[in-house]
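Chemist: Read off the chains here:
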Amino acid sequence: DVKVTQSSRYLVKRTGEKVFLECVQDMDHENMFWYRQDPGLGLRLIYFSYDVKMKEKGDIPEGYSVSREKKERFSLILESASTNQTSMYLCASSPSGGNRAYEQYFGPGTRLTVT
Amino acid sequence: GNSVTQMEGPVTLSEEAFLTINCTYTATGYPSLFWYVQYPGEGLQLLLKATKADDKGSNKGFEATYRKETTSFHLEKGSVQVSDSAVYFCALSDRGGSQGNLIFGKGTKLSVKP
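From first to last, the protein sequence lines stand for chains A and B. All residue numbers for the first sequence refer to the numbering used here, where the first residue is 2 and numbers rise by one. All residue numbers for the second sequence refer to the numbering used here, where the first residue is 14 and numbers rise by one.
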């Protein structure tokens with residue numbers, strides 16, 4: 002079974018702190034994604050990566066950065082956390098090539114609260 | 014651009030009722046279509062998919078047919094169970110972007126009462 006794990010289920014941080022959210026997958030997938038999920042807004046793509054050290058902006062990259070130094074790990078960084086970044090953060094991965102690239106496997110999510 | 018519209022929830026049904034969750038899409042070309050499900054406290058998981066017009070995806074008693082003429086991919090189940098309570102997301106492959114990108118609808122929450 003594909004496993005996508007996220008470093009924390011719940012996280013509370015203060016405004017202005019630098020926050021790291023870690024995601025690890027164990028299926029040698031090339032593609033990895035970070036989303037945030039908010040009530041009434043569904044899933045919005047923050048950043049994605051299709052290879053080590055490669056990254057591309059999604060729909061809402063402002064206030065975030067990412068790092069992919071190893072194939073299995075994709076980190077989301079909030080440079081200076083703000084209260085409007087309080088949300089559920091979901092990581093996903095998928096293999097490359099053909100239609101299987103769209104079969105994303107999701108982690109359980111990190112619920113981040115910024116106070 | 015490409016987009017997905019799902020019926021707003023929440024949807025509340027009694028056990029063994031028939032379920033339909035509507036999904037329509039706007040896309041150029043021939044996208045693949047997906048339904049993902051999110052159970053309480055979990056991430057999303059793929060429920061079913063269809064890759065071309067008139068394909069029917071099915072899994073766990075759920076099914077959806079890719080209708081190009083009506084640009085729809087409605088999710089149906091003949092008899093829902095309490096364990097089907099979850100949020101359901103319709104999605105399409107965004108071939109205009111890099112590979113693997115999906116465009117998700119906003120989700121429809123289903124509650125099934127015993």
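Source of the hints: derived by calculation from the structure; they are not laboratory data. Small disclaimer: the values here were computed from a predicted structure and weren't measured. One or more hints might be untrue.
[Claimed, not checked] Take a look, some chain A residues computed to stay more than 10 Å from chain B by CB distance: (1) V20; (2) N32; (3) L46; (4) G64; (5) R69; (6) E70; (7) K72; (8) R74; (9) S83; (10) N85.
[To be verified] Calculated lysine-lysine pairs in the BS3-like style (CA-CA distance at most 25 Å, straight line): (11) B:K73 to A:K4; (12) B:K119 to B:K65; (13) A:K56 to A:K19; (14) A:K54 to A:K19; (15) B:K126 to B:K90; (16) B:K119 to A:K58.
[What the hints assert, rightly or not] So the derived label-pair ranges between C-beta atoms look like this: (17) B:L26 to A:K71: 25 to 31 Å; (18) A:M55 to B:Y52: 44 to 50 Å; (19) A:D27 to B:E89: 33 to 39 Å; (20) A:S81 to B:T25: 37 to 43 Å; (21) A:P62 to B:G91: 40 to 46 Å.
Glycine included, every Cβ here is placed at the ideal spot set by N, Cα and C.
Chemist: Now tell me if each hint is right for this structure.
Modeler: Against the structure, the hints come out as follows:
no.: 1; hint: V20; result: holds, 19 Å
no.: 2; hint: N32; result: violated, 4 Å
no.: 3; hint: L46; result: violated, 7 Å
no.: 4; hint: G64; result: holds, 21 Å
no.: 5; hint: R69; result: holds, 14 Å
no.: 6; hint: E70; result: holds, 20 Å
no.: 7; hint: K72; result: holds, 14 Å
no.: 8; hint: R74; result: holds, 17 Å
no.: 9; hint: S83; result: holds, 23 Å
no.: 10; hint: N85; result: holds, 19 Å
no.: 11; hint: B:K73 to A:K4; result: holds, 21 Å
no.: 12; hint: B:K119 to B:K65; result: holds, 23 Å
no.: 13; hint: A:K56 to A:K19; result: holds, 20 Å
no.: 14; hint: A:K54 to A:K19; result: holds, 21 Å
no.: 15; hint: B:K126 to B:K90; result: holds, 15 Å
no.: 16; hint: B:K119 to A:K58; result: holds, 20 Å
no.: 17; hint: B:L26 to A:K71: 25 to 31 Å; result: violated, 45 Å
no.: 18; hint: A:M55 to B:Y52: 44 to 50 Å; result: violated, 32 Å
no.: 19; hint: A:D27 to B:E89: 33 to 39 Å; result: holds, 34 Å
no.: 20; hint: A:S81 to B:T25: 37 to 43 Å; result: holds, 41 Å
no.: 21; hint: A:P62 to B:G91: 40 to 46 Å; result: holds, 42 Å
Hint violations for this structure: numbers 2, 3, 17 and 18, all remaining hints satisfied.
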